[in-house]
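Trainee: The chain contents come next:
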Amino acid sequence: MNVHHYRQEVLALTMRWVRRLSREKFSMLFTLVQPMLFWLIFFGSLFQRAADIQIIQAPNYMSFLAGGVVVMTVLNNGLAGGVDLLFDKENGFLERLMSTPIHRTSVIVSRYLFVITITGMQILVILSIAFIFGVRPETGLPGIAVMLVIGMLFGVGLTAISMAMAFSVKSHGDFFSVLGFLSLPMIFLSSALVPLSAMPGWMQVLALMNPMTWVIDAVRPLIITGWDAAIPQVAIALGILALFDALCLYGGTRAFRRAIG
Amino acid sequence: MNPSPAIEVTNLGKTYGAVTAIEDLSLTVQTGEIFGLLGPNGAGKSTTLRILITVLPPSSGTARVLGHDVRTEADTVRSLIGYVPQERAIDRFLTGREHLELLGDLYHLPKHDAKTRIDELLRLVNLEEHADRVAKTYSGGMKRKLDIACGLLPNPNIVFLDEPTLGLDVQSRLRIWDYIRQLRDNGLTIVMTTNYLEEADQLCDRLAIIDHGNIRVTGSPKELKAGLGGDRLSVTIQHSTPEKLAKLSGGVRPLPFVRDIREVRNSLHIRVESPEKSLPAVMEVANHLDCAIDSIEYQRPRLEDVFVTYTGHPFTGEDPIIPKM
Ligand SMILES: Nc1ncnc2c1ncn2[C@@H]1O[C@H](COP(=O)(O)OP(=O)(O)OP(=O)(O)O)[C@@H](O)[C@H]1O
Ligand SMILES: [Mg+2]
Numbered sequence: 001m002n003v004h005h006y007r008q009e010v011l012a013l014t015m016r017w018v019r020r021l022s023r024e025k026f027s028m029l030f031t032l033v034q035p036m037l038f039w040l041i042f043f044g045s046l047f048q049r050a051a052d053i054q055i056i057q058a059p060n061y062m063s064f065l066a067g068g069v070v071v072m073t074v075l076n077n078g079l080a081g082g083v084d085l086l087f088d089k090e091n092g093f094l095e096r097l098m099s100t101p102i103h104r105t106s107v108i109v110s111r112y113l114f115v116i117t118i119t120g121m122q123i124l125v126i127l128s129i130a131f132i133f134g135v136r137p138e139t140g141l142p143g144i145a146v147m148l149v150i151g152m153l154f155g156v157g158l159t160a161i162s163m164a165m166a167f168s169v170k171s172h173g174d175f176f177s178v179l180g181f182l183s184l185p186m187i188f189l190s191s192a193l194v195p196l197s198a199m200p201g202w203m204q205v206l207a208l209m210n211p212m213t214w215v216i217d218a219v220r221p222l223i224i225t226g227w228d229a230a231i232p233q234v235a236i237a238l239g240i241l242a243l244f245d246a247l248c249l250y251g252g253t254r255a256f257r258r259a260i261g
Numbered sequence: 001m002n003p004s005p006a007i008e009v010t011n012l013g014k015t016y017g018a019v020t021a022i023e024d025l026s027l028t029v030q031t032g033e034i035f036g037l038l039g040p041n042g043a044g045k046s047t048t049l050r051i052l053i054t055v056l057p058p059s060s061g062t063a064r065v066l067g068h069d070v071r072t073e074a075d076t077v078r079s080l081i082g083y084v085p086q087e088r089a090i091d092r093f094l095t096g097r098e099h100l101e102l103l104g105d106l107y108h109l110p111k112h113d114a115k116t117r118i119d120e121l122l123r124l125v126n127l128e129e130h131a132d133r134v135a136k137t138y139s140g141g142m143k144r145k146l147d148i149a150c151g152l153l154p155n156p157n158i159v160f161l162d163e164p165t166l167g168l169d170v171q172s173r174l175r176i177w178d179y180i181r182q183l184r185d186n187g188l189t190i191v192m193t194t195n196y197l198e199e200a201d202q203l204c205d206r207l208a209i210i211d212h213g214n215i216r217v218t219g220s221p222k223e224l225k226a227g228l229g230g231d232r233l234s235v236t237i238q239h240s241t242p243e244k245l246a247k248l249s250g251g252v253r254p255l256p257f258v259r260d261i262r263e264v265r266n267s268l269h270i271r272v273e274s275p276e277k278s279l280p281a282v283m284e285v286a287n288h289l290d291c292a293i294d295s296i297e298y299q300r301p302r303l304e305d306v307f308v309t310y311t312g313h314p315f316t317g318e319d320p321i322i323p324k325m
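Same order as they appear, the protein sequences are chains A and B. For the first sequence, our numbering gives the first residue as 1, with consecutive numbering after it. For the second sequence, our numbering gives the first residue as 1, with consecutive numbering after it.
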């Protein structure tokens, strides 16, 4: 593998994703002002009165929700990360790319770079908006950097799932069905909207098996509590993410091999 | 005396689960020719091409492109060929120029060389004016031209064109034919598929008729047609009865230029060597035998006849909608 060639390919392919996004006005808009922000502002205000400060262990519901919204953004971006490859596969563009002498991983790596960068930018936008509404992360800028790293690690595994699906499904109808089937339970069966302690027992069990929960439980204290509470949670989350990513990448590689050869 | 062939395919097979797309397919393409794969929908043309461009691994057999195995030396093969897919593989959100720039990087061309080459190609396919518009504003023909420019960008030794004129109007089709001939004259080897008989006939130096995943016959259009044995006269007689037809058939058979006679419904199909002599002679025999001629038609052999002869069925697609993965 020629490093110089590899860089040239990956850069060109990544620029293609950036260009596409900048040309798709509608999806550009939704990428910047994404629905997740409405969740934050709307539900943050709506449930402010309903939320019990004792249960959520946070100064207000919006600061509680902020961590969940950050991770939901990672979830949505990650799970949707393979869609463009699916379209490329369906309209033959992927075949054209694969008929060129590029390293077989270039397309995937370019997609990762793009999805992860966009996700990182969105996390910053969400935290800024939350800031305007008075949410001040307890751990400051270093804490935000840790959040970005955690988000990125979670994004890697999710994007791998999405790409694996893109390479395996027969039609994009299937893709979106599975996507819908995965993403809502991932959100509701996690600590994104309510803390585990507020859930019935069976739901807690399910939520504990959901990597989302562990990621949120690491991000949330970075925002509302501080380093002392956050460090052990972050350590656990990193361990779980290492396992999660390893599994997803393994599955993704297999799906890719089967589809591309 | 033959230089080493551009492509050698031996006993190639490909199955998709239970579907056998091609089976025991062998062919040779010579350097510098326009080689056509002619066949109806679902015959296995695209599958064969996909294997040759290394994006689809064969289930059995071997294929060598410019001496390199498509499986074990895929990277080398990829750097020597250009490909124009059957579907318009175009990114609607990129401009024509951006497509070419992207491919320039994927073929690892230095930026400066790429720029010169891109300008050259845009001029060649007549897309200069539209080069900086996004492709979703292109017409079908413009997309096809962009496709072709993309296939030529790497300055390949062999270009693979999958149904290059599918869905184009007559004028654009003729222009693309000219263009393909021009490429051949510049020394390129061209492998193309088509499901137009006329295109195969007029454009290809040699062609292989493919049906149900098998090559049925290979040769130049001229050879193939000549192989059928001459032109055809169809004679229909008035108040035709089997007896009358048999009588006429018997009368015509001894004529020296007649090769073959078949009774088809109420007319006779006569393969003849020389149309000039045969026409008056057949009419004279008919007159003599008191068979009043209703009509008499004369036809040069067509590629369609070649197809029917070698496949045993008329040239129609069996399944126009192919599920694409
Ligand atoms: N991905 C696939 N999965 C399953 N079957 C396939 C796949 N691709 C092609 N086939 C089948 O293989 C056979 C050959 O298909 P192929 O695309 O090579 O035909 P073709 O000659 O190019 O036809 P057309 O003129 O319609 O383009 C067909 O029966 C088709 O249904
Ligand atoms: Mg085809």
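Hints may be right or wrong, so weigh each one.
Okay, derived cross-link-like pairs now, DMTMM-like style, lysine to aspartate or glutamate, Cα gap no bigger than 25 Å in a straight line [stated by the list, open to error]: (1) B:222 with B:205; (2) B:143 with A:245; (3) B:222 with B:297; (4) A:170 with B:87; (5) B:247 with B:223; (6) B:111 with B:87; (7) B:222 with B:304; (8) B:222 with B:243; (9) B:225 with B:243; (10) B:244 with B:223; (11) B:244 with B:201; (12) B:115 with B:75; (13) B:143 with A:228; (14) B:136 with A:24; (15) B:136 with A:90.
Just the calculated beta-carbon pair ranges, DEER-fashion [what the hints assert, rightly or not]: (16) A:258 with B:26: 44 to 54 Å; (17) A:243 with B:26: 44 to 54 Å; (18) B:69 with A:258: 33 to 43 Å; (19) A:104 with B:273: 49 to 59 Å.
Just a few of them, taken from the derived set where beta-carbon distance is under 10 Å, the chain B residues facing chain A [to be verified]: (20) 129; (21) 132; (22) 134; (23) 258; (24) 261.
By construction, these hints were calculated from the structure, which means they are not laboratory data. Remember, it's a predicted structure, so these values are computed and weren't measured experimentally. By construction, the Cβ of each residue, glycine as well, lies at the ideal position given by its N, Cα and C atoms.
Trainee: With reference to the structure, classify each hint as holding or not holding.
Mentor: Verification of the supplied hints:
1. B:222 with B:205: 9 Å, holds
2. B:143 with A:245: Given that 25 Å is the threshold and the Cα spacing comes to 40 Å, the pair is violated.
3. B:222 with B:297: 22 Å, holds
4. A:170 with B:87: With Cα atoms ~18 Å apart, residue 170 (chain A) and residue 87 (chain B) stay inside 25 Å; holds.
5. B:247 with B:223: 34 Å, violated
6. B:111 with B:87: 28 Å, violated
7. B:222 with B:304: 13 Å, holds
8. B:222 with B:243: The hint is violated at about 37 Å.
9. B:225 with B:243: 32 Å, violated
10. B:244 with B:223: 35 Å, violated
11. B:244 with B:201: 38 Å, violated
12. B:115 with B:75: Given pair residue 115 (chain B), residue 75 (chain B) holds - Cα atoms ~24 Å apart, limit 25 Å.
13. B:143 with A:228: Roughly 60 Å between the alpha carbons, so the hint for residue 143 (chain B) and residue 228 (chain A) is violated.
14. B:136 with A:24: The given pair, whose Cα atoms are some 12 Å apart, holds under the 25 Å limit.
15. B:136 with A:90: 17 Å, holds
16. A:258 with B:26: 44 to 54 Å: Given about 28 Å between the Cβ atoms, the range is violated.
17. A:243 with B:26: 44 to 54 Å: 50 Å, holds
18. B:69 with A:258: 33 to 43 Å: The hint (33 to 43 Å, Cβ to Cβ) is violated, given that residue 69 (chain B) and residue 258 (chain A) are roughly 22 Å apart.
19. A:104 with B:273: 49 to 59 Å: 58 Å, holds
20. 129: At about 20 Å, which exceeds the 10 Å cut-off, the nearest Cβ of chain A leaves the hint on residue 129 (chain B) violated.
21. 132: Violated: closest Cβ of chain A sits about 13 Å from residue 132 (chain B), beyond 10 Å.
22. 134: Since the shortest Cβ distance to chain A is 6 Å, the answer is holds.
23. 258: 51 Å, violated
24. 261: 50 Å, violated
The structure does not agree with the numbered hints 2, 5, 6, 8, 9, 10, 11, 13, 16, 18, 20, 21, 23 and 24 stated previously, though it agrees with the rest.
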